[in-house]
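Engineer: These protein sequences, in sequence, are chains A and B.
Note that the working numbering gives residue 71 to position 71 of the first sequence, counting from 1, and the numbers run on in steps of one.
Note that the working numbering gives residue 1324 to position 324 of the second sequence, counting from 1, and the numbers run on in steps of one.
Source of the hints: derived by calculation from the structure; they are not laboratory data.
Hints should not be assumed to be uniformly reliable.
Here are some, though not all, of the chain B residues that point toward chain A, as calculated from beta-carbon distances under 8 angstroms [what the hints assert, rightly or not]:
{"hint": "1", "residue": "THR1044"}
{"hint": "2", "residue": "PHE1057"}
{"hint": "3", "residue": "THR1067"}
{"hint": "4", "residue": "ALA1212"}
{"hint": "5", "residue": "THR1216"}
{"hint": "6", "residue": "VAL1229"}
{"hint": "7", "residue": "LYS1235"}
{"hint": "8", "residue": "GLY1239"}
{"hint": "9", "residue": "LEU1243"}
{"hint": "10", "residue": "GLY1255"}
Glycine is no exception: its CB is placed at the ideal position from the N, C-alpha and C atoms.
There are 2 protein chains.
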Amino acid sequence: MSYKIGIDISGGDKAPSEIIRGALLAVDELKEGVVLIGCRDEITRELTANGRIPSDFSIIDAPGKITMEDSPVSAVRKKKDSSIVVGINHLKEKKIDAFVSCGNTGAVVGAATLFLGLIKGVERPGIALTIPTHDGVSLVVDVGANIDCKPLHLLQYGIMASIYYDQVIGKENPSVGLLNIGEEASKGLGMLKKVHKLFDVSTLNFTGNLEARELTSGKCDCIVCDGFVGNIALKVLEGGAELFKTLFIASMKKGIIGKLSLLLAKKNLKEFKRYLDYAEYGGAPLLGVDGVVIIGHGRSNSLAVKNAIKVAVRELKRDVTSQINRKVNQICSDNRVKEVLSNFS
Amino acid sequence: MSYKIGIDISGGDKAPSEIIRGALLAVDELKEGVVLIGCRDEITRELTANGRIPSDFSIIDAPGKITMEDSPVSAVRKKKDSSIVVGINHLKEKKIDAFVSCGNTGAVVGAATLFLGLIKGVERPGIALTIPTHDGVSLVVDVGANIDCKPLHLLQYGIMASIYYDQVIGKENPSVGLLNIGEEASKGLGMLKKVHKLFDVSTLNFTGNLEARELTSGKCDCIVCDGFVGNIALKVLEGGAELFKTLFIASMKKGIIGKLSLLLAKKNLKEFKRYLDYAEYGGAPLLGVDGVVIIGHGRSNSLAVKNAIKVAVRELKRDVTSQINRKVNQICSDNRVKEVLSNFS
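Construct the entire structure; sequences and hints are all you get.
Structural biologist: Laid out in structure tokens, this is it:
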């Protein structure tokens, strides 16, 4: 059976052309049904430009656009005809099975929280980002949905990340670490000491604090942090990758031998670039909302869009939403967890 | 005139041999006076091994050692004969002009705060780290001395960083940015909105919020953040550099052409590595304490130690401590700053 994946064609730096091209890749390669959400005229034009017949596609007309500069909260309330609000509402009404957007992250989080609501038992949504490591990938939650976290939110991020890693990335009982400035349980802010205690009594495969230096070491499958710290960490990593690239090329271009080896290494460097390319890892699921919502990078190209659609399909097939519901309620109603929580207040 | 720079020979993964070798480099190349602080027997042995005559050197016997595993607070109070406590006390008594340690960071911060005290008017010490950017260096304060920051602490970090960048790195009126998850003044945690207001009314060259992605872009000379976030950011960058190295080499070693170009590029890659090598940037000054204290990376080699000594000398020559005192008191007694501060409470 093929799912209907709704794609916001207005979101992202390369919208609408790269987004629609990504949707077409998904249709051709993955044989997934896509529903194009955005300004109908733009969609028709882009489909025609790609040699397709517009009437072959499901289109939902949503002429409004939430830009990257819009304030998320007010845009979600005011721009009712925007691709993000229309898309999320179609998901709520089950007219589509999942929603993928590379647009304004805050607006996607806001619309999903407001209109879809949260999975029963979940306190806050969290964005889960897949990052490359020395020998695989890790999943970091949260990277920006919730900057004002309470201990229970972080425990729930651990639970949701654990399910997602198990079901979508594919590793049973993945390890869960808490991002901190030191390994000892006594390290870091008071809040994190509380979170450490909560994880300790949970049934998750908790491996303790993880130093930020080991974020990309592969030591933990799932890495839990608040949205402020997570956002800083991932953006530093992104900026760092750009710095390394600039400095590397500048170094290599000094002298004829450097230039020659740069030419020779072209194929190898391409593979190296692939490891670091966010487009390879698909979008970031917004975990905790009551439906499958995938947030793509603002700079997504067609490959990234196709992979985000792939991620949405896998999340649907594994019924991640129901599993989160079950596991969050199971762990959070556990007496030891409840006891630790009651000691905080 | 040559300064007397005290070196903790017991701190760091490669202590005492690399530390002493670094001190010898400083003596030979920089013509600076060094005072070796640590276990006298070890110092004598290492000097002899390096073909030096121990009696040519100033040595302060401090047989105790604070390890990386020691709890900073209790170690500083209990290990009175440790190189860190003895060194800081000699600095307090002006028997040395500056103190350099690659040992337990928390213990150095603790001992300096406790025994030297803070510069009059300064509320908290901050560790200032120089990081490479696309076309120079930026200075990040704080990267781990103070994880529980108030708005005034961050304003003072901006002031201290600005003076250090101007005097030691060498650029008049350097720009100062506030590390945050978005550029708009309204972004981020409530605390950061307050800090933004404080910087706005200060006489610093404040350029607003800086997104973490631009940490290494060179957009801001001085980057201000709390010690928790700063520590996470710098450690992620460090771990990221290791990841890139591993993935790069793995990609290059696939196929004979890749291996060949890796060989050819050896010289260029060496230069690339230099850009990213913390050892090139010397140690991190502990700003705000009443004396020149430089914290070296735990993995410091002799080059890093020599460069840390160089940084200490430049800080002394420019009398950074007195300048911090003047400027902090000038800005913090300004009526507009006082007014903004009074609105917070």
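Engineer: Now tell me, hint by hint, if it's right for this structure.
Structural biologist: Verification of the supplied hints:
no. : hint    : result
1   : THR1044 : 35 angstroms, violated
2   : PHE1057 : 35 angstroms, violated
3   : THR1067 : 14 angstroms, violated
4   : ALA1212 : 4 angstroms, holds
5   : THR1216 : 4 angstroms, holds
6   : VAL1229 : 6 angstroms, holds
7   : LYS1235 : 4 angstroms, holds
8   : GLY1239 : 4 angstroms, holds
9   : LEU1243 : 4 angstroms, holds
10  : GLY1255 : 7 angstroms, holds
In this structure, the earlier hints numbered 1, 2 and 3 are contradicted, and the remaining ones agree with it.
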